[in-house]
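Student: Required output: the full structure, derived from the provided sequences and hints.
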Amino acid sequence: GAGVSQSPSNKVTEKGKDVELRCDPISGHTALYWYRQSLGQGLEFLIYFQGNSAPDKSGLPSDRFSAERTGGSVSTLTIQRTQQEDSAVYLCASSLSGFYEKLFFGSGTQLSVL
Amino acid sequence: QQQVKQSPQSLIVQKGGISIINCAYENTAFDYFPWYQQFPGKGPALLIAIRPDVSEKKEGRFTISFNKSAKQFSLHIMDSQPGDSATYFCAASRRGNQFYFGTGTSLTVIP
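Keeping their order, the protein sequence lines are chains D and Y.
Numbering follows the numbering used here, with no gaps: position 30 of the first sequence is 30.
Every number in the numbering used here is 1000 more than the matching position in the second sequence, counting from 1.
Read the hints as simulated data drawn from the structure, not as lab findings.
One or more hints might be untrue.
Stated by the list, open to error - Facing chain Y, from chain D, some residues (calculated, C-beta under 10 Å):
1. V19
2. Q37
3. Q41
4. F65
5. F99
Said to hold, decoys possible - Straight-line Cα separation of at most 35 Å, DSBU-like style, residue types lysine-lysine; simulated pairs:
6. K1015(Y) to K15(D)
7. K1015(Y) to K1068(Y)
8. K17(D) to K1058(Y)
9. K11(D) to K1042(Y)
10. K1015(Y) to K1057(Y)
11. K1042(Y) to K1058(Y)
12. K1068(Y) to K1042(Y)
13. K1058(Y) to K102(D)
14. K1005(Y) to K11(D)
15. K1005(Y) to K1068(Y)
16. K17(D) to K1071(Y)
17. K102(D) to K1042(Y)
18. K1005(Y) to K1015(Y)
19. K1071(Y) to K1058(Y)
20. K1005(Y) to K102(D)
21. K17(D) to K57(D)
22. K1057(Y) to K1071(Y)
23. K1071(Y) to K15(D)
24. K1068(Y) to K1058(Y)
25. K57(D) to K1015(Y)
26. K1005(Y) to K1071(Y)
27. K102(D) to K1068(Y)
28. K1058(Y) to K11(D)
29. K1005(Y) to K1042(Y)
30. K57(D) to K11(D)
31. K11(D) to K1057(Y)
32. K1057(Y) to K1042(Y)
33. K15(D) to K1057(Y)
34. K102(D) to K1015(Y)
35. K1058(Y) to K15(D)
No experiment lies behind these values; they were computed from the predicted model shown.
We put the beta carbon where it would ideally sit given N, CA and C, even for glycine.
Tutor: Have a look at this one:
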């Protein structure tokens, strides 16, 4: 596919469970971003990967959230011990170089924590 | 802390009218200001972007106006169409990498 792919598209989990969200960026894109979209909160920055540099984790809301990017391509966002307030749409985006480039977003993962 | 403040939260415009969405920022280090359009069930897509060395950028019916001294920028949609009904996000970035988004504006264009 030519676009950013996210899986699963929907995830329902119970409070306290761990979840993993996957992002496949566009091939060749060196920059990868995770955002969280909640009603009335806009797009909340979570984490940013740029090439082989250390990721910018300044947006992660708590130590229950972590992300990794393997081989400069696929990324996984992990939320441990999920809480109801974690319910949101998690969006992944990639860009070619990470500098003044268009962000290409996936369609997101809708996470519902019961 | 919201790095970019966006208003209004929602907007209803008649077909053919002008839609105006405003954003303000505080960090003078920001040097790239894009607008994204999002349809339900889809991720946001870049609409238009501006750098602070110009005061206005136009692409078709979409125009960004930029006021560096006031630290404000706005999106104008001329001749608004029902197909423009979507959520619009402004954003600001330093060096065009980490992006801070506004809270979004839900635009409805009435036929």
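Student: Would you mind marking each hint as holding or not holding in the structure?
Tutor: Hint check:
1. Of the supplied interface hints, the one on V19(D) is violated, with its beta-carbon coming no nearer than about 19 Å to a beta-carbon of chain Y, more than 10 Å.
2. This hint holds: Q37(D) has a C-beta 9 Å from the nearest C-beta of chain Y, less than the 10 Å allowed.
3. A least Cβ separation of about 6 Å between Q41(D) and chain Y falls short of the 10 Å threshold, and the interface hint therefore holds.
4. With its C-beta approaching chain Y no nearer than about 17 Å, F65(D) sits outside the 10 Å limit, and its interface hint is violated.
5. With a least beta-carbon distance of about 5 Å to chain Y, the hint placing F99(D) at the interface is held under the 10 Å criterion.
6. Proposed proximity of K1015(Y) and K15(D) is contradicted: the alpha carbons are some 45 Å apart, above 35 Å.
7. Of the supplied pair hints, the one linking K1015(Y) and K1068(Y) holds, its CA atoms being roughly 31 Å apart against a limit of 35 Å.
8. Our distance criterion of 35 Å between C-alpha atoms is broken by K17(D) and K1058(Y), whose separation comes to about 48 Å.
9. The hinted pair formed by K11(D) and K1042(Y) meets the criterion: a straight-line CA distance of about 16 Å does not exceed 35 Å.
10. Distance restraint check for K1015(Y) and K1057(Y): the Cα-Cα separation of roughly 23 Å lies within the 35 Å cut-off, and the hinted pair is therefore satisfied.
11. With a CA separation close to 25 Å, the supplied pair K1042(Y) and K1058(Y) stays within the 35 Å bound.
12. A hinted pair counts as satisfied when its Cα atoms are at most 35 Å apart, and K1068(Y) with K1042(Y) qualifies at roughly 32 Å.
13. This hinted pair checks out: K1058(Y) and K102(D) have alpha carbons roughly 17 Å apart, not beyond 35 Å.
14. Our distance criterion of 35 Å between C-alpha atoms is met by K1005(Y) and K11(D), whose separation comes to about 31 Å.
15. For the suggested pair K1005(Y) and K1068(Y), the alpha carbons sit about 15 Å apart, so the restraint of at most 35 Å is met.
16. Annotation: proposed proximity of K17(D) to K1071(Y) is violated, straight-line Cα distance about 43 Å (limit 35 Å).
17. Pair hint K102(D) plus K1042(Y) holds up; C-alpha atoms about 16 Å apart against a cutoff of 35 Å.
18. Of the supplied pair hints, the one linking K1005(Y) and K1015(Y) holds, its CA atoms being roughly 27 Å apart against a limit of 35 Å.
19. As the CA atoms of K1071(Y) and K1058(Y) are separated by approximately 19 Å, the hinted pair is consistent with the 35 Å bound.
20. Proposed proximity of K1005(Y) and K102(D) is supported: the alpha carbons are some 21 Å apart, at most 35 Å.
21. Our distance criterion of 35 Å between C-alpha atoms is met by K17(D) and K57(D), whose separation comes to about 22 Å.
22. Distance restraint check for K1057(Y) and K1071(Y): the Cα-Cα separation of roughly 16 Å lies within the 35 Å cut-off, and the hinted pair is therefore satisfied.
23. Taking the CA atoms of K1071(Y) and K15(D), the gap is about 42 Å. The hint is violated against a cut of 35 Å.
24. Among the hinted pairs, K1068(Y) with K1058(Y) is consistent with the structure: their alpha-carbon atoms are about 17 Å apart, no more than 35 Å.
25. Distance hint between K57(D) and K1015(Y) is unfulfilled; the C-alpha atoms sit about 43 Å from each other, more than 35 Å.
26. The suggested pairing of K1005(Y) with K1071(Y) holds, with an alpha-carbon distance near 11 Å, which does not exceed 35 Å.
27. For the given pair, K102(D) sits about 22 Å from K1068(Y) by alpha-carbon distance, which is consistent with the 35 Å threshold.
28. Our distance criterion of 35 Å between C-alpha atoms is broken by K1058(Y) and K11(D), whose separation comes to about 40 Å.
29. Of the supplied pair hints, the one linking K1005(Y) and K1042(Y) holds, its CA atoms being roughly 23 Å apart against a limit of 35 Å.
30. With a CA separation close to 23 Å, the supplied pair K57(D) and K11(D) stays within the 35 Å bound.
31. Restraint check for K11(D) and K1057(Y): the C-alpha separation of about 40 Å exceeds 35 Å, so the hint is violated.
32. Among the hinted pairs, K1057(Y) with K1042(Y) is consistent with the structure: their alpha-carbon atoms are about 26 Å apart, no more than 35 Å.
33. Between K15(D) and K1057(Y) the CA atoms are separated by roughly 47 Å; this puts the pair beyond 35 Å, and the hint is violated.
34. Restraint check for K102(D) and K1015(Y): satisfied, since their Cα atoms lie roughly 29 Å apart, inside the 35 Å limit.
35. For the hint pairing K1058(Y) with K15(D), the CA-to-CA distance comes to about 47 Å; that exceeds 35 Å, so the pair is violated.
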